[in-house]
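Q: Top line first, the protein sequences correspond to chains A and B. FYI, in this note's numbering the residues of the first sequence are 416 to 902. FYI, in this note's numbering the residues of the second sequence are 21 to 224.
Hint data in this document are derived by calculation from the structure and do not stem from the laboratory. Remember, it's a predicted structure, so these values are computed and weren't measured experimentally.
Partial pick of chain A residues on the chain B-facing surface, computed with a CB cut under 7 Å:
#1 T594
#2 V598
#3 V605
#4 T613
#5 R635
#6 G636
#7 N638
#8 R639
#9 H642
#10 L650
#11 V665
#12 G869
Where is the CB? At the ideal position from N, CA and C, for every residue including glycine.
So you can see what is in the structure, the chains are spelled out below.
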Amino acid sequence: MSTIPAHDIDNTGDVPGKRAALVLGHTDFHQVTNTICRPNETRKPPMAWYIMFGISMLLVMNLGFVVHYLIFTGVGVWGLNNPVMWAFDITNFVFWVGIGHAGTLISAILFLFRQKWRTGINRFAEAMTIFAVICAGLFPGIHVGRVWLAYWLFPIPNQMAMWPQFRSPLLWDVFAVSTYFTVSLLFWYVGLVPDLATMRDRAKGKVQQMAYGLFSLGWRGSNRHWHRYERAYLLLAALSTPLVLSVHSVVSFDFATSQLPGWHTTIFPPYFVAGAIFSGFAMVVTLAVPARELFGLKNLITLRHLDNMNKVILVTGCMVGYAYGMEFFIAWYSGALYEKFAFMNRAFGQYAWAYWIMVSCNVITPQLFWFKKVRTSIPLMFILSLFVNVGMWFERFVIIVTSLANDFLPSSWDRFVPTWVDIGTMLGAFGLFGVLFLLFCRFLPMIAIAEVKGVMPQADPHWEGWHQSHGAGSNPAAAHSAQGDNS
Amino acid sequence: MTTLTTQTSAPSSTATSARLYGLVAEFENPAQIVAAAEKIRDKGYRYWDCHTPFPVHGLDKAMGIQRTILPVLVFVAGAAGCTTGLALQLFTNSFNFTIWALVWVTGYPFLISGKPALSIPAFVPVMFELTILFSALSCVGLMFLMNGLPRLHNPLFTCDRFRRASDDRFFISIEARDPRFYRSKTEADLKACGAAAVEAVVED
Numbered sequence: 416m417s418t419i420p421a422h423d424i425d426n427t428g429d430v431p432g433k434r435a436a437l438v439l440g441h442t443d444f445h446q447v448t449n450t451i452c453r454p455n456e457t458r459k460p461p462m463a464w465y466i467m468f469g470i471s472m473l474l475v476m477n478l479g480f481v482v483h484y485l486i487f488t489g490v491g492v493w494g495l496n497n498p499v500m501w502a503f504d505i506t507n508f509v510f511w512v513g514i515g516h517a518g519t520l521i522s523a524i525l526f527l528f529r530q531k532w533r534t535g536i537n538r539f540a541e542a543m544t545i546f547a548v549i550c551a552g553l554f555p556g557i558h559v560g561r562v563w564l565a566y567w568l569f570p571i572p573n574q575m576a577m578w579p580q581f582r583s584p585l586l587w588d589v590f591a592v593s594t595y596f597t598v599s600l601l602f603w604y605v606g607l608v609p610d611l612a613t614m615r616d617r618a619k620g621k622v623q624q625m626a627y628g629l630f631s632l633g634w635r636g637s638n639r640h641w642h643r644y645e646r647a648y649l650l651l652a653a654l655s656t657p658l659v660l661s662v663h664s665v666v667s668f669d670f671a672t673s674q675l676p677g678w679h680t681t682i683f684p685p686y687f688v689a690g691a692i693f694s695g696f697a698m699v700v701t702l703a704v705p706a707r708e709l710f711g712l713k714n715l716i717t718l719r720h721l722d723n724m725n726k727v728i729l730v731t732g733c734m735v736g737y738a739y740g741m742e743f744f745i746a747w748y749s750g751a752l753y754e755k756f757a758f759m760n761r762a763f764g765q766y767a768w769a770y771w772i773m774v775s776c777n778v779i780t781p782q783l784f785w786f787k788k789v790r791t792s793i794p795l796m797f798i799l800s801l802f803v804n805v806g807m808w809f810e811r812f813v814i815i816v817t818s819l820a821n822d823f824l825p826s827s828w829d830r831f832v833p834t835w836v837d838i839g840t841m842l843g844a845f846g847l848f849g850v851l852f853l854l855f856c857r858f859l860p861m862i863a864i865a866e867v868k869g870v871m872p873q874a875d876p877h878w879e880g881w882h883q884s885h886g887a888g889s890n891p892a893a894a895h896s897a898q899g900d901n902s
Numbered sequence: 021m022t023t024l025t026t027q028t029s030a031p032s033s034t035a036t037s038a039r040l041y042g043l044v045a046e047f048e049n050p051a052q053i054v055a056a057a058e059k060i061r062d063k064g065y066r067y068w069d070c071h072t073p074f075p076v077h078g079l080d081k082a083m084g085i086q087r088t089i090l091p092v093l094v095f096v097a098g099a100a101g102c103t104t105g106l107a108l109q110l111f112t113n114s115f116n117f118t119i120w121a122l123v124w125v126t127g128y129p130f131l132i133s134g135k136p137a138l139s140i141p142a143f144v145p146v147m148f149e150l151t152i153l154f155s156a157l158s159c160v161g162l163m164f165l166m167n168g169l170p171r172l173h174n175p176l177f178t179c180d181r182f183r184r185a186s187d188d189r190f191f192i193s194i195e196a197r198d199p200r201f202y203r204s205k206t207e208a209d210l211k212a213c214g215a216a217a218v219e220a221v222v223e224d
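So here's chain A without its partners, still in its complex pose (with noise of 0.2 Å):
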C-alpha cells in the first residue's frame, strides 16, 4: 500500500542480469488493487482536486462564453487578417493532437515493443489522448466559420448534391482526427473493462455497483475470454501504431501540401510526429507528477518510470532540434529565395521573440537530461516538462503565423495580434481537458489494474514463492493478503 515507503528502494539503476522492479513495496495482488482503488473510493478528494477543478470549471464557463460570442458573431472576433488566415485555431488544433500522440505511443508502440513500464502510465495517457483530441477537435470545428454547415465535412448525401473535396489534406485531416479520437476511445475502453469489473466487485454503493457492472459489460476474468481480449490488444496496437504515424503526418500535410515558404517543406510528417512525441511526453510528466503524490501511486508509477519518459523527452527533443536546424539547411541548399527569407524571418523578424522561445523551451532545456540527477529529481522534470510544453506550442504558433505574415509579397505582410477571445478560447481549452481529466482520476482506476499485476514477479506461474510451500497456510503472501482483508 502506499503507506510503504517508496523512496529507500531506488529502481532507477541496472544490475546486469536482473529487471528492475516495476511495482514497489507490494507483496500481493490486493495491495494493487487497494492502492489503485483508493482514490476512487474515497469520500472525497484532496483539497489540490477542488482547487484544481474549480479553476478548470472556470475556465470551461469562459470557454462556453467565448465560442458562443464567437459563432454568433463571426471569425472576425479573432485577430486574424488577409494574409494571417490561420492563427490560434489552428496551433491550438495542431498542439492539442500533438499532445495526444504521447497516449498512443505509451499504449500502442511500446506495448509492441514489451515495454513492461508502460503499465503503470498508460491507463492515464490514454486518457490524456482522448481528452487532447477532444480538445483538438473544438479548434477546426468552431473555425470553420459557419458552424452550422460543418456537416459539409462528411461525404453525407444531400440535396444539393455536392461531396467533400478527397483530394484537400483538410478533408484527409477530418478523416484521420475522427478515425483517431475513435480507435483511441475504444483502446482505453477495451483496457478499462477488467478494472471497471474490480471496481464493479469491490463497490460498496449500489450505484458505483450498477454504473461500473453496466459499463464493465459482465467481465468475470474468464481465461476463454482473455485469450480473445489479449489477440484483440494485440491486434488494436499494430493498428494504432501506424495510425498515430499517420494522423500528425496528415496534420502536417495541411502544412507541406501548400505553396507557402516555411511550410512546404518534406521534412514535415516525421518532424510533426516527433514533436508531437516530445509534446506528449512532457504532457504525461506534467500530470504524472502531481497525480502520483496526490493520489499516493508512488510505488506504481516509480521513479523509473519518469526516468525513461525523461528519456524519451531527451531522444524526441533532440530530433525536433535536428529537424530544426535541417530546415535552415534545407532553405539555404535550395537556393530559393523566398525559401530563405522565410526562415531568416523566423529566426529575425517580427516574431524572432517567439522563435527563440520555441529553441530555448524545446532544443536548450531538455539537454539537461541528460544527467541523472535532473532525470530523477522531480521538481527538476517538472519545470522542465512545463517548459516543453510551452516550447511545442510556440513551435506550432512560428511555423503557422511567421510563414503566413510575411509571405511573396511584401505589400500584403501584416501582424497577427491575438484578441481576448483567441487567448481566452486558448486557455478555455485547457480547462475542458482539466475537467475531463479531473473527472477521470475520481471516477476511473488511474493505472491499469490488470496489466500492472499482470508485470509483476508473483504473476508468473514459474516464481519461486509458488513453488518453494505448496498450500495456503504456510504462504507469506497469502497469508498476509487474508490479513488485510479481515480487518
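Using the hints, position chain B against chain A.
A: Here is chain B on its own, set in the frame of chain A:
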C-alpha cells in the same frame, strides 16, 4: 487448505427449488491454477473455465484453448474498409453516375488544379484511415461478441467468494450442463487439484 468447504451461496429457502449452475473452485495463486487447469482439461470436461484477475501466462495451453480466428476476421474487415474508402472517393470525386444507396446519389468528377479524375495517390490517406477504422471497430466488436459479452448477469456473480476473481484469487468453474458433470465426482476432482474451497452456484 485445512478447511474444505462446500456450500450453496443462495439462501436455503430457494436452494431447494433452484437449478444447479455449476461448481466454483478457488485457488490461491497462478501456479496452482495452471496445475489445476491441466488436470481438469485431462478429465475431459467441456463446459468449464478459469477466471483470473489478469491473463495468466501458460493458462491457454493448460486449458487447451484453440487459437482464436479473430485476426482473420479483422483482416477481412480491414480489406473491406480499404475498398470502401477507395469506392467512396472514386464515386464522389471521379465519376459522374447515379446509384441508389438508401437515396439516389450522383457522383461528381471534381476538377481541382488540373489533377486527373483518377488521382489514386491523393485517395490513399482516406483509404488508410478507413482501413484502420473498420479493423479497429470490428476487432473490438467481434472480440466482445465472440466472448458472449455484454452479458450483465451471470449466475457466478451470485457467489460472494467469486468477487475476488477480479482482485487476487483464481477460480475454476465447471458448469452442470457438462456431460461429465456429476456433483460429487466433480467436487472431488476439484478438491484433488488443490482447491482452497469449492462452492456450488445455482441459477437464479
